[in-house]
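Start from chain D and add chain U according to the hints.
Protein chains in written order, with this note's numbering: chain D, 1 to 262; chain U, 263 to 551.
I should point out that these hints are in silico values taken from the structure, not numbers from a laboratory. Every residue gets a Cβ at the ideal spot worked out from N, C-alpha and C, and that includes glycine. One or more of the hints may lead you astray.
Derived coverage of chain D by chain U (criterion: at least 3 residues anywhere in the stretch with Cβ under 8 Å from a Cβ of chain U; other residues may be distant) [unchecked claim]:
no. : segment
1   : 9-17
2   : 43-52
3   : 138-146
4   : 197-204
5   : 208-218
6   : 225-237
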Amino acid sequence: MHIFNRVKFVTPESVELEFTLAGIGSRTFALLIDYHVLALIIALIFTIWLTVSYQIQTFGKQIFGEQADNWVVAIAFFILFAVYAGYFVFFETLWQGQTPGKRLAKIRVVRDDGRPVGLQQTTLRALLRPFDEISFIGALLIMFNRKEKRLGDFVAGTIVIQTSSIAVSEKQKLTLSESSNLACEKILETTNLSPMLPDDFAVIREYLVRRHIMSKQARAALAIELTQQVQSIIQLNNLPDGISPDTFLEGIYLAYQKTSIG
Amino acid sequence: MSFNQGSSQPIQPLSIGNVVTAGLRLYGVHFKSYLKLAFIAYAWILVPVYGWARCGATLALISRLAYSELVEQPETPSEAGRFLRARLWQFLLMGLLMFLLIIGITIGVIILLFILALITGVILGIFIPGGAANDAFNPVVALVSFTLVLVYIGLIFSVFLLVQARFILVEVPLAIENSTDGASTIKRSWNLTRGNLWRIVAIIIITSLLTFPLQVPLSVLNIIIQISLQPLARVNSNYRLLAAIVNILLTLISIALVVPLWQTIKAVLYCDLRSRREGFGLKLRDRNI
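Chain D on its own, in the form it takes in the complex (with noise of 0.2 Å):
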C-alpha cells in the first residue's frame, strides 16, 4: 500500500521521472496560508477603497445621477474578484505553479505532462477556484480521485506535485564538535571503515543533522545505539579514550568523507 499517491513522467527523451502527489493535507494547508495572505491584501485595498471611493461617488454623480451608487459597489466587487483571481493566476504564473501558502506547504502545479504551467493553466484554475470551494466540491474531488484533481485541474489539464519529500533535514545544518577531527583521526588510524556502507553513512548523517531536535534522553539512547552498531559491523571492541558515542558518530562520518573523497 502506497500512503502518498505518485505519478510518472516520461520525457521526451524518454527519462522517467517520479513525483509524489500533493495530498490533500498540503494543499488544505497552502490554501489556509494563502487565504491569509489574501485577507491581508484585500484588507488593505479596502482602506485605500474607503478614500478613493468617496471620488468616484461624487465624480460618478455628475455623470450617472442617481446610479452612481450602484456603480461604486459594481466597480468594488469587480477589484475584489480580480483579486482573488488575480492573486492565484499572478503567484502562480510568476512563480511557476507555486503561490506563497504552496512554497510553505512545499507543494507546485505542474501540467499533466509534467511541463510548467502558463497563463492560459492558472487563469482557468482561478477561474473555477470558486465552483470547487462551493459545498467542497473540490476537497472531495481531490480525497476521491487518484490523481488528486478539483474541477480547475480537470479543466485546465494540471496536477498538483510535491516539491521536497524531505521535511526535516534542509532546515537543520549539520553541525560538528570541535573534537569531532581528533575522533575522526583516531578512528582512520585504528579501524577500517571498508565494511561499511553509503547507506549506513546516510543513517548516521540523518542522525547528525536531526540530533539537535532530539529530546535529551532520546538522542543519548540513540547514540549509543547507532554507536554498538557501527562498532559491530567495523569489529571495533572499545571506543578510543576520551571519546562519547556521540563524538564518535561525528569522527565515523568525517572519516567516511575523507575515505570516499581521498
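Below, chain U without anything else, positioned relative to chain D:
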C-alpha cells in the same frame, strides 16, 4: 508503503500536510473496520464507568491499528484488542487524570483572569481617581477595558490551543508502548509534543477543516428532518421526542464518521514526533541479511 521508502531509508519526519494526508489515506483504506470500531466505542458510552473505559480503549485501538500499518507490522483488531483490554482500567485512570487536569487548568485560568482584572482596576483607580463615580464616558477607561478584553481572548485562546496540542497524543502511547500506564502516558504526550506546538496546531486546524465536507451531508439531512418534523410536533408532542432522538442519532453518526480520522492522524503524528524527537527508525542495516 512509502512512509518507509525501502528498507535502507529511515522513517522521515513528515511535513504538516503529509501528516493529514497519511492519516486520511489510512482511514480510507481501512474505512469499514475503523468505522465499525468507532460505532462500537460510542455504543459503550451508554454503559457507565466500565463502558467509558471500553470507549477510550476502543478509540485508542484505532490508533494502534493505524500505527501497526505505518511500521509495517499489521495487526488484526482482535490481536490488538487483547493487548488493550489488559490495560483497560489504565484508560479510565488516564481519562480521570485528564479531566482533573483540564478542570485544574480552567480554574487556574479563571483565577489569572480575575487577578488581571483586579490589577487593572487598581491601576485605573490610582491614575484616574473618581473614574468609576463619574458617570460620563471616560475614553481612557474604555480603552483600557477594551485592551483587557483583547488580552483575555488571547489568553483563553492560547491556553486552549496549548492544551489541545500538547495533550493530543495522551491515549496513543498507552495503546502502543509496553511500559506505560494511565499517568505516564500523559507525560509522554507532553514530552513528545515539545517544540512542535505550531505544527500540531496547524494539523488540528487542517483536520477540522477537512471534517466539514465529510459531515455536511449528515448535517443537511438533520436540518431537513428537524424542519419537516416541526409542524407535526406542534400537533403531537410525541414527534418532539422523535426529533430529539433523530438529532442525537445523526450527531453521533457524524461524530463516529470523523473520529477514526482523528485517531489515524494521531497515529501518524505519533510516528512523526517519535521520528523527530527520538530518531525513531534510524538504524544501521542488519548485517545478518
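Verification of the hints:
Closer than 8 Å: that is the beta-carbon criterion, and the segment 9-17 of chain D has 0 residues meeting it against chain U, so the requirement of 3 is violated. Here the segment 43-52 of chain D counts 0 residues with a CB under 8 Å from a CB of chain U, which misses the bar of 3, and the coverage is violated. Residues of the segment 138-146 of chain D with a Cβ under 8 Å from some Cβ of chain U number 3, which satisfies the need for three, so the listed coverage holds. Counting residues of the segment 197-204 of chain D whose C-beta sits closer than 8 Å to any C-beta of chain U gives 6, which meets the bar of three, so the coverage hint holds.
Figure legend: the segment 208-218 of chain D, annotated as covered by chain U; annotation consistent (6 residues with Cβ-Cβ distances under 8 Å, at least 3 required). Counting residues of the segment 225-237 of chain D whose C-beta sits closer than 8 Å to any C-beta of chain U gives 6, which meets the bar of three, so the coverage hint holds.
The structure does not agree with the numbered hints 1, 2 stated previously, though it agrees with the rest.
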